[in-house]
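Asker: Chains A and B supply the protein sequences, listed in that same order.
Each residue of the first sequence is one higher than the one before, starting from 1 at the first, in my numbering.
Each residue of the second sequence is one higher than the one before, starting from 1 at the first, in my numbering.
Possibly wrong hints are sitting among the right ones.
[Unchecked claim] If you anchor each label on the Cβ, the simulated ranges turn out as follows:
id, chain 1, residue 1, chain 2, residue 2, range
1, A, Val-517, B, Ala-28, 24 to 30 angstroms
2, B, Trp-482, A, Phe-549, 50 to 56 angstroms
3, A, Gly-15, B, Gly-329, 46 to 52 angstroms
4, A, Gly-333, B, Pro-449, 27 to 33 angstroms
5, A, His-23, B, Pro-493, 55 to 61 angstroms
[What the hints assert, rightly or not] A few chain A residues facing chain B, derived, Cβ under 7 angstroms:
id, residue
6, Trp-44
7, Ala-59
8, Glu-127
9, Leu-128
10, Gly-140
11, Trp-141
12, Gly-145
13, Val-147
14, Ile-155
15, Ala-179
16, Ser-525
17, Val-535
18, Ile-536
19, Asp-537
The set of hints was computed from the structure by calculation and includes no laboratory data.
Because the structure is a prediction, the values reported are computed rather than measured.
Note that beta-carbon positions come from the ideal geometry of N, C-alpha and C, so glycine has one too.
Here are the chains, one letter per residue:
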Amino acid sequence: MSLLLVPLLPLAAAGAVLLLRSHPRAGAVVAVGGLALTALAGVWAAVTGPALTFAWSPAFDLVLRVDGFGRVMVVLVPFVAAPIVAYAARSEPQDRTRLLVLMLGFAAAMLVLVMAADFVTLLVAWELVGAASWALIGHGWRDRGNVEAATQSFITTRLGDLGLYVAAGATFAATGSFAFDGLPGAAGPWPQIVAAGILVAAAAKSAQVPFSPWLFAAMAGPTPVSALLHSATLVAAGAYLLIRLSPSLAAVAWFLPAVAIVGMATALAGGVVALVQRHAKRVLAASTSAQYGLMFVAVGAGSTAAAGAQLVTHAVFKSLLFLGAGIAIHATGTATLGERRLGRALPLVAVASGVGVLALAGVPPLGGAWSKEAILAAAVGASPVLGAGVLAAGLLTALYAGRYQLLAFGRGEGQRGLRRPTAAEIGAVGLLALATALLSGLWLPGAPALAEGLTGGSLAEGAPWELLAALAVVIGGAIVVVALDRRGRLMTLGRAAPTDGLVGEWLGLDALAGALVVRPVLRFSALLARLDDRVIDAGVRATARIAAFVSALVTRRVEISVDAVVHAGGSMAILTADLSRRSDDQVVDAAVEGSGRAVGIAGHQSRRLQTGLSHHYFVIVGAGLVAIAGLLAVYR
Amino acid sequence: MLTAAIFIPIAAALVLAILPRTGRGAPAERQLRLAAVVASAVPLALIVATWFRFTGTGGFELVESVDWIPTLGIAYRVGVDGLSLPLAAMTAILFVVSIAYPVDFRGRAIPYLALMLFLEGVSIGLFLALDLFLFFVFWDVSLVAMYFLIGAWGHGDAQRSALKFFIYTFAGSLPLLLAILGIYLATEPRTFDIAEIIRQQPLAAGGLYAILVFWGFFIGFAIKTPIVPVHTWLPPAHVDAPGPASAILAGVLLKMGTYGFVRILMAMLPGLWAEYALPIGIIGAVSIVYGALVALAQTNLKRLIAYTSVNHMGYVMLGLAAAGAAVTGQEAAQAIALTGATVEMVAHGLITGALFLISGSILARGGTYEIDAYGGLLGRVRSLTGLTALMAFASLGLPGLAGFVAEVQIFAGTLAIYPALAVIALLGIVLTAGLFLRMLGRVFLGALPERWRAFPDLTRTESMALGALGVFVVLIGVIPGWLLGVIDSFAGPFVGRP
Chain A
1 MSLLLVPLLP
11 LAAAGAVLLL
21 RSHPRAGAVV
31 AVGGLALTAL
41 AGVWAAVTGP
51 ALTFAWSPAF
61 DLVLRVDGFG
71 RVMVVLVPFV
81 AAPIVAYAAR
91 SEPQDRTRLL
101 VLMLGFAAAM
111 LVLVMAADFV
121 TLLVAWELVG
131 AASWALIGHG
141 WRDRGNVEAA
151 TQSFITTRLG
161 DLGLYVAAGA
171 TFAATGSFAF
181 DGLPGAAGPW
191 PQIVAAGILV
201 AAAAKSAQVP
211 FSPWLFAAMA
221 GPTPVSALLH
231 SATLVAAGAY
241 LLIRLSPSLA
251 AVAWFLPAVA
261 IVGMATALAG
271 GVVALVQRHA
281 KRVLAASTSA
291 QYGLMFVAVG
301 AGSTAAAGAQ
311 LVTHAVFKSL
321 LFLGAGIAIH
331 ATGTATLGER
341 RLGRALPLVA
351 VASGVGVLAL
361 AGVPPLGGAW
371 SKEAILAAAV
381 GASPVLGAGV
391 LAAGLLTALY
401 AGRYQLLAFG
411 RGEGQRGLRR
421 PTAAEIGAVG
431 LLALATALLS
441 GLWLPGAPAL
451 AEGLTGGSLA
461 EGAPWELLAA
471 LAVVIGGAIV
481 VVALDRRGRL
491 MTLGRAAPTD
501 GLVGEWLGLD
511 ALAGALVVRP
521 VLRFSALLAR
531 LDDRVIDAGV
541 RATARIAAFV
551 SALVTRRVEI
561 SVDAVVHAGG
571 SMAILTADLS
581 RRSDDQVVDA
591 AVEGSGRAVG
601 IAGHQSRRLQ
611 TGLSHHYFVI
621 VGAGLVAIAG
631 LLAVYR
Chain B
1 MLTAAIFIPI
11 AAALVLAILP
21 RTGRGAPAER
31 QLRLAAVVAS
41 AVPLALIVAT
51 WFRFTGTGGF
61 ELVESVDWIP
71 TLGIAYRVGV
81 DGLSLPLAAM
91 TAILFVVSIA
101 YPVDFRGRAI
111 PYLALMLFLE
121 GVSIGLFLAL
131 DLFLFFVFWD
141 VSLVAMYFLI
151 GAWGHGDAQR
161 SALKFFIYTF
171 AGSLPLLLAI
181 LGIYLATEPR
191 TFDIAEIIRQ
201 QPLAAGGLYA
211 ILVFWGFFIG
221 FAIKTPIVPV
231 HTWLPPAHVD
241 APGPASAILA
251 GVLLKMGTYG
261 FVRILMAMLP
271 GLWAEYALPI
281 GIIGAVSIVY
291 GALVALAQTN
301 LKRLIAYTSV
311 NHMGYVMLGL
321 AAAGAAVTGQ
331 EAAQAIALTG
341 ATVEMVAHGL
351 ITGALFLISG
361 SILARGGTYE
371 IDAYGGLLGR
381 VRSLTGLTAL
391 MAFASLGLPG
401 LAGFVAEVQI
411 FAGTLAIYPA
421 LAVIALLGIV
431 LTAGLFLRML
441 GRVFLGALPE
451 RWRAFPDLTR
461 TESMALGALG
471 VFVVLIGVIP
481 GWLLGVIDSF
491 AGPFVGRP
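The task is simple: from the sequences and hints, build the whole structure.
Answerer: Shown next as structure tokens:
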């Protein structure tokens, strides 16, 4: 059994869905079944740890290998994708086949990404994941706005991808190979360059500051697409890369602190943005940035195990939350929080979403709480400031998570005229809620060793006061949320006016990028285009006019010189004859005209062109011959 | 066999030229085209056969030579190595597709097809030539054929564009000719034999004479490639040329410049190339960013694609600069830079050739190249959208397609030699991603304007022709080993990789 089976299974399912496009139900079953099989194959791969080498070029191979944290991802990706695809098959009637095929292809690319053992394989998968997400975000392509949002997402993440190109090149320069294995042995300045490239690539893909706003643009995609991008795929790629490669970059002193700073900044800023946003999906999107920020903090604090645990718990509860939000948006037709509270109308969905929110906020005994504690312990161990930051981020999380749940699924009135969720949608949400609950198993005694073993990292020893502090933060946040809600000011966070201005729009980062990067580049490009037409080409045109003038002056002399050269000697004569072979066309043409028959190469029209040209042609040939004669005179 | 690949299409062109054009017995355009396609496929078959006979053990293989003017050391010599074989193969593929591609003959099918066939033989001949004199003959004759194709079958201000193309590139031929004679005069015994000149290294000592020869070659090849700032002949020539001629111009004729850089300049004057490698790399990086930025501002589909050619030829130049730089210990990186640059030549030929054919089809249906005139075509024309998207993504360097295979190697190889230039050049792939996605969005996505309700999809011939190019683009992208192996047999020894 080959390792290629893992990415090929979803691709085969995609092919089958395409063939079954007139049978949507069968197509959905095949898509979900294919992912379930992929998950089984993933389990097999995780257990046996196979490798596959593909001779891509004589200079280097592409290597797929399932090891380290990849063993977790190879199961997690299809496991999370399956319920999301089941949901999508029922909830998105528009271009359903296209959507399912793209989602399956997207999952396949992500599976290659987590199995990559060298930079070129990684880059291949990395960029394919990005391109697939472009198509998925732009799924509603009839609306130009969606297309532009998709392009913005792709361009931003591709800007980060450049870091990966740099890391790949630097690794090759240092080790003569693209393999990850050689990285720890790299010498000279190269590891620094690799580290910088990886940091940029990971930060862009995981929507960290300052790249974060692309995740808002990505909301243009259908809800299941968001659920997939935010959980175990696109956004996860950045954190996965850090978990995978940060141990190999131990020699670069600034790397881990830089990762921690980026993550901390994003965790806090993202928390604030999520807190003030009023758009349900955007709250979750800002939360994604913030939660990945915490994974960056964990990596920066030296605990890839904590980051890995957070990635897994987040993947499950965030896809759950997105699907829940999707049902709510479908039911009410609005994504604005607080307009309708659906707790009574959609009790099952509300409960499921509640489980996800508790995990997000870090309420024990859910798995999300365990991974948060692990991150806190690592951060405190690395630096008190970092520890305080994680606690502050925890408070923000509790606040925005509570606010989100109450505004979206609080106890409102029972409502009529809502679109009822289908069984598949409820099933998908239920399964993810169950998985979220089951991850409580992380609190069991054997879990830390398992997490360390699966990530290859280590967990920091947590002190009891840390657990208490984290609990106090969550409880405090919950109290504030409930108190605000009682006063009816949860939506505005206690203020009179709506809260989401510049802060809600990712602190104006998007506008800033537009003003500082996008618009100047477009203006500059327009300027260059005008310059290209007017200035550079004008120089050419002026030269042409001068040349025409000069050629008119010297034509007679050139002819005399040609004569002189022809008479100069035997060998020269032969040379000239052969050079003028190129003007055969003209000779033939003249002969043709002389005999009056019209068999020129391209008929009457083209012969007229040719006649107009022969003057220039001969002048240039003549000038060339003069120069040759000069050279000969010097060197003979 | 190689000789047959060069002269069978030329012979076919001559046969076509003497066919009766009017009256009874005049062949129909369909039959003429079919005959031309068959004739153009012969070199392809021969080159495929050559591919299987090629051993890649170093040096030129399957050499065929006949004395021509022995007193001057001029001979008809042709042969292949890991550099010329892929380019000749790409040329043959692109010509078959371009000749098969529907075009408005303007009632002159015979001269059009004859010129295309003639140009095919000449182009293949240029890549296979192992004699500088022969190389130059093919070089100049190709300009003449292209001039007529643009001038007589173009649209808009075709004659002016054709003349500009001809004069500009012909002005590049002059320094090239002088440089060829210059290096010829330095050989002892005198010879135009490319392999022998490379072995002799007649100008290894340097000096002003060698520098003049170097820049003669450089200017000649630079105009043809073209690199900034000598690229302004390119956009008007493309915009006014018929689709297939444009495809050949971008796909094949530009490669003559880049091929010349490697085959002649880097091989015959490696010391000077190494000395000037950094400025050449800077020119390459400037071409990359400049070409991409100017392309970004274009509203005309064909001009946009034309400027991406400037961008892509910049990648080639950057890779060549890194490959020829005077550094030791990074031969592995230099080898992949050179391999990448060579793959870029092939990939760009296939991809940009396809994009120009597509723009011809769009013009034939919509009557304009203006991007904003279109929109929403995805809902109407699936094949056209799919194939355009495939080629656009290939051009912006998406993995799994040919462009990536070239670019990842160029970037990785260059980074080891000129890290700063590589990083600047990388910006090019973000800009090209932006401009192609914008183009796709404006032409194919969004709402379908009322006037395009009846926009016809590609015909079967068009789909098959573009599909054939697509097959190679995907094949190179997914399993590039068969191509990279051949190129590596040249690139490894060329950079002195141990």
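Asker: Does the structure break any of the earlier hints, and which numbers would those be?
Answerer: Structure breaks hints 1, 6, 10, 12, 15, 17.
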